[in-house]
Amino acid sequence: MAHAQEMDAYVEPTGIGPPKLGMWLFLSGEVVLFGGIIMTIVLFRVSFPGWAEESSHTNPIIGSVNTFNLLTSSMLVAVAYKMSATGRHDLAKLCILGCLLFGILFLCLKWIIEWPTEIAHHYTIHSGPFWQLYYTATGLHAVHVLVGLVAFVIILVLYMGTWRPKFTLEAAALYWHFVDIVWLFLWPLFYLS
Amino acid sequence: MAAATHAVHHAEIGWVGRYIFSTDHKMIAKQYLLNGLFFAIFGGIIALMFRVHLAVPDAGILAPERYNSFVTMHGTLMVFWVAMPILLGFFGNLTIPLMIGARDMAFPLLNMMSYWTFFLSSVVIMASFFVPGGPFAGGWTGYAPLSVSTGMMGVDWGINLWVLGLALEFTAVLMGGINFIVTPFVMRARGMSIMRLPLIIWMVVIASLLFMLSVGPLIAGAFLVLFDKNFGTHFYLVTAEARGDPLLWQHLFWFFGHPEVYVILIPGLGVICEIFPAAARKPLHGYHHIIYATIFAGVLSFMVWAHHMFVAGLNPLAAVGFSITTIIISVPFLVIVVAMGLTLWGGSLRFNAAFLYAFFAYCIFIVGGLTGLQLGATVADIQLHDTYFVVAHFHYVIFASVILATFAAVQWWFPKMFGRLMNETIGKIHAISTFVLFNIVFTPMFILGFAGYPRRYAGYDHIPFLQGWTWLNDLASIAGILLVLVQFLFVFNFFYSMRAGKKADKNPWEATTMEWMAPSPPPHLNWGDTAPVVDRGPYEYATDEADYEPQGRLIALSSGQQPVASHQPPATGH
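These protein sequence lines map, in sequence, to chains L and A.
Be aware that the first sequence starts at 1, since it is given in our numbering, and climbs by one per residue.
Be aware that the second sequence starts at 1, since it is given in our numbering, and climbs by one per residue.
Be careful, since some hints might not be right.
As the list claims (entries may be wrong) - Residues of chain A clear of chain L, computed beta-carbon distances all greater than 10 Å: (1) F223; (2) F231; (3) R243; (4) A339; (5) C363; (6) T387; (7) F418; (8) G419; (9) R455; (10) I463; (11) E510.
Said to hold, decoys possible - Rough simulated footprint, nothing fancy, chain L against chain A, three-plus residues with beta-carbon under 8 Å: (12) 356-362; (13) 528-542.
Unchecked claim - Which chain A residues stay away from chain L? Per the calculated CB distances, all over 12 Å, these: (14) I20; (15) R196; (16) G244; (17) F495.
Derived by calculation from the structure, the hints in this document are not laboratory data.
None of these values were measured; they are calculated from a predicted model.
Idealized CB from N, CA, C, for every residue including glycine.
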């Protein structure tokens, strides 16, 4: 509306949208949150001699497949943003759907196959420093994945209507990349070490 | 931005929308203030009760466990439920949009959710007083493994509610903090360049950034506490079966804890920076120096945390490093304090109540800062650690920034909240009596600390080497009780002036910053059919032309013509 545009003219131009800046700030807080967890992992690893032996009981195949899932999912959301920005909305919706599917696959592998198998082999949260950190850190990460998936479902449902995402999709994509990057730290720390 | 302008045309808001679930930054500021003041009174009364107990320890006023939980809750409430909502929630919400010439926050809905999450956290922490086992009693720092060990008071439910309440409170402040940082970056009025922002805005932005970048490890650590307590893990606990790390919590807590001290310190300094130039009728001395010094102190505050752990079994070499960074951090604060002092130097002072509060805050903060140097030196800290000296130092810093600066800010910005002025006479009496009584309470504690008085003891009557000092502790207790009672003057003044104070015009203090261009109180969306345009820096007092020059002016909207700020390029939009 004309009134709003006129008032925008009295705002100092900055060139960065509020949702994007807000998301970057939120992510900076998240970096420190996971930073604290990762520092704890490093601290325990240094002071706990049995770490390597314990970590050989995780399943590196599921870990690596899940890494592939998250990376692919991240790539798809980047493509979706590009498509949406250039007006190819059908492709964009398809990419968001793909991103959702890979994210769901990640959680299914973790929560339906990986964790129950480990618990069945008596590697529970009570099985020493490695396992309590394993469940805490990957669990916190999985909750972040879940939150991201809910966000993408909402975006996709709205996108099916007349609504066209711009900053929202960008902010969600930033978050999704962050979740991906956290996993790239957890993967070597728990599966490959 | 779009949401705010959109609402211009939908100004019909019901009672609930206006007073309860309001997205108006001024209403949210008032909600934060009232919630914070409630806990300030509550926390003050808790302090009053344990000081009464210390005066007559054998009278059985408080059981020792109850004493522990009261000391814990006094610290917890005052830091997280008084300082945080008032210094960030109230200062940030009230000043940012008005001073940068915006109509509301960047995310008004998030802002409202921030307050109501905070309210929920208040309910949770209050509920912890009524659960079996009582509230948490392990000190406001919540040191694990003590806080997860069985046999302590408040470990049944108190610790769980304590962690849950803190987690909710942090979430609220994080939501608010995103607003406090984003809004000044993307919604400044034309002509309001970054280096023309008033200092309170700078301080709130820096404080929010510090909080955002430091709180993560504590949230992670707090979850580990919950796991240790409820799910039988051994992150902190050391038992026969498994070995946790008993130092881990201290690292996680103080990595947050030291920046946190600055989070609740520097907005208070920002208030002093606003009031001093207006009271002295002089430009603020060293605007840029204060900003750079604060940023430097903020960065450095991430590298000093282990100075809280000198006696915790730290490698002595590391202790030296942290000691050096701690002593360096006093340099930027010296810059800030000197700049404030030079602002007053040679000014023609107006001794109104707001200035008195700010000036007393300034004086008290200097003592607090100087005693911090002694605690920062390893050699002295080993002697003084966990004594009343620490208590006195902490209160000299935090009472200045949290309590006195809050009084100053409320007195100063009262017209922008309620359209009336607070009573000056009551304000002055309250300021002077608070200042005098505060010093009688806490100066003895420095001496007691040197004498070896340990903190957090429920009674000192049976410790032989402390007997000669009992009178000094009694003096502190009596003055402390009076100090709490005197605060009701402020409560009375607040509510009396809200109803019957003198009507205030737009700019009762003849100050320069943008909020004094808006009506008192400003309407919803602040500027009505005008738009603010900024022409100069924030503290242009005693210029060649006038006693003071307002930072900007209001221009009429919808006039057809396109007024352009003299030295700004024409609007390009974005």
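Okay, the hints, checked on the actual structure:
1. Separation of F223/A from chain L is inadequate, the least Cβ-Cβ distance of about 7 Å not exceeding the 10 Å criterion.
2. For F231/A, the condition that its CB be more than 10 Å from all CB atoms of chain L is violated, with the nearest at approximately 6 Å.
3. Not every CB of chain L lies more than 10 Å from the CB of R243/A, the least distance being 8 Å, so the non-interface label is violated.
4. Against chain L, the non-interface label of A339/A holds: every CB pair exceeds 10 Å, the least being about 26 Å.
5. A cut-off of 10 Å between C-beta atoms confirms that C363/A is not in contact with chain L; the least separation is 35 Å.
6. In this structure T387/A is separated from chain L by more than 10 Å, as the shortest Cβ-Cβ distance comes to about 30 Å.
7. With a closest Cβ-Cβ approach of about 27 Å to chain L, F418/A is found to remain outside the 10 Å limit, as its non-interface label requires.
8. G419/A, annotated as away from the interface, keeps every beta carbon of chain L farther than 10 Å; the closest lies near 25 Å.
9. The Cβ of R455/A lies farther than 10 Å from every Cβ of chain L, with a closest approach of about 28 Å, so its non-interface assignment holds.
10. No Cβ of chain L comes within 10 Å of the Cβ of I463/A; the nearest lies about 37 Å off, and the non-interface call holds.
11. The Cβ of E510/A lies farther than 10 Å from every Cβ of chain L, with a closest approach of about 25 Å, so its non-interface assignment holds.
12. With 0 residues having a beta carbon nearer than 8 Å to a beta carbon of chain L, the region 356-362 of chain A misses the requirement of three or more and the stated coverage is violated.
13. Counting residues of the region 528-542 of chain A whose CB falls under 8 Å from any CB of chain L gives 3; the rule of at least 3 is met.
14. Residue-level check passed: I20/A sits 25 Å from the nearest beta carbon of chain L, beyond 12 Å.
15. R196/A, annotated as away from the interface, has a beta carbon of chain L within 12 Å; the closest lies near 10 Å.
16. At roughly 8 Å from the closest C-beta of chain L, the C-beta of G244/A falls inside 12 Å, breaking its exclusion from the interface.
17. Taking the minimum C-beta to C-beta distance to chain L, about 36 Å, the non-interface status of F495/A holds against the 12 Å cut.
Comparing the model with each numbered hint stated earlier shows that hints 1, 2, 3, 12, 15, 16 do not hold.
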